[in-house]
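Protein chains: 2
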Amino acid sequence: MIKVSVMYPNKDGARFDHAYYRDTHMPLVKARMGDACLYYTVDRGLAGGAPGTPPTYVGMCHIFSDSVESFQAGFGPHAKEILADIANYTDLTPVMQISEIVVGH
Amino acid sequence: MIKVSVMYPNKDGARFDHAYYRDTHMPLVKARMGDACLYYTVDRGLAGGAPGTPPTYVGMCHIFSDSVESFQAGFGPHAKEILADIANYTDLTPVMQISEIVVGH
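Chains as they are written, first to last, in the working numbering: chain Y, 1 to 105; chain A, 1001 to 1105.
Same shape as in the complex, but just chain Y (with noise of 0.2 angstroms):
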């Protein structure tokens, strides 16, 4: 199983609605993808790793498939729906990266 994490870095004035990315955004993204989207997860940056310090990102999602194949197969032809959608949450622009899950829940 693989997962693409979508990452959005923490920058100061940055505009991020996590409501709406809850809500609405990832919501759409299972929707269009299906069953190439097995499950996604969604965090909410709170903290960095030393006390007091910002996290790196604000806000990431994490979609599962079962390989980069079916990922691309299921994402690919909404693609240009989905990417449109960002603007609706934020004008940050993610990072985004496909790892191999070692150890999965």
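Worth flagging that the hints you see were computed from the coordinates, not collected in a lab.
Mixed in with the good hints there might be a few duds.
The following label-pair restraints were derived from C-beta to C-beta distances [stated by the list, open to error]:
no.	chain 1	residue 1	chain 2	residue 2	range
1	Y	Thr-24	A	Ala-1087	36 to 46 angstroms
2	Y	Gly-49	A	Ala-1031	14 to 24 angstroms
3	A	Val-1103	Y	Pro-9	13 to 23 angstroms
Cβ atoms here follow ideal geometry from the backbone N, Cα and C, with glycine treated the same way.
Mind docking chain A on chain Y? Use the hints.
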């Protein structure tokens, strides 16, 4: 619930022993933290978001706890031993982040 993510930035020539991390280091963390670590997951970076790009992080773990206080109570007394083990699998310095679980699995 919160999660503490420990993320190792991907650098050319850096050392990272994924087998040791999975088989020795993370079980040590769980053994020392006990129930303060509800569970953990481990990722291995495969690629970045664009085709052919490297992952931002070569490896990550995510430690799930009931609260920041619970994590600190479980980790703090064993921090010295756990941190001393890092040199056994990598010469990288990790980035840490504490996140609130908005949508879990």
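Here is what the structure says about each hint:
1. The hinted range of 36 to 46 angstroms is satisfied by Y/Thr-24 and A/Ala-1087, whose Cβ atoms lie roughly 45 angstroms apart.
2. Checked against the hint of 14 to 24 angstroms, the C-beta distance between Y/Gly-49 and A/Ala-1031 comes to roughly 21 angstroms, which is consistent with it.
3. The hinted range of 13 to 23 angstroms is satisfied by A/Val-1103 and Y/Pro-9, whose Cβ atoms lie roughly 20 angstroms apart.
Of the numbered hints stated above, none is contradicted by the structure.
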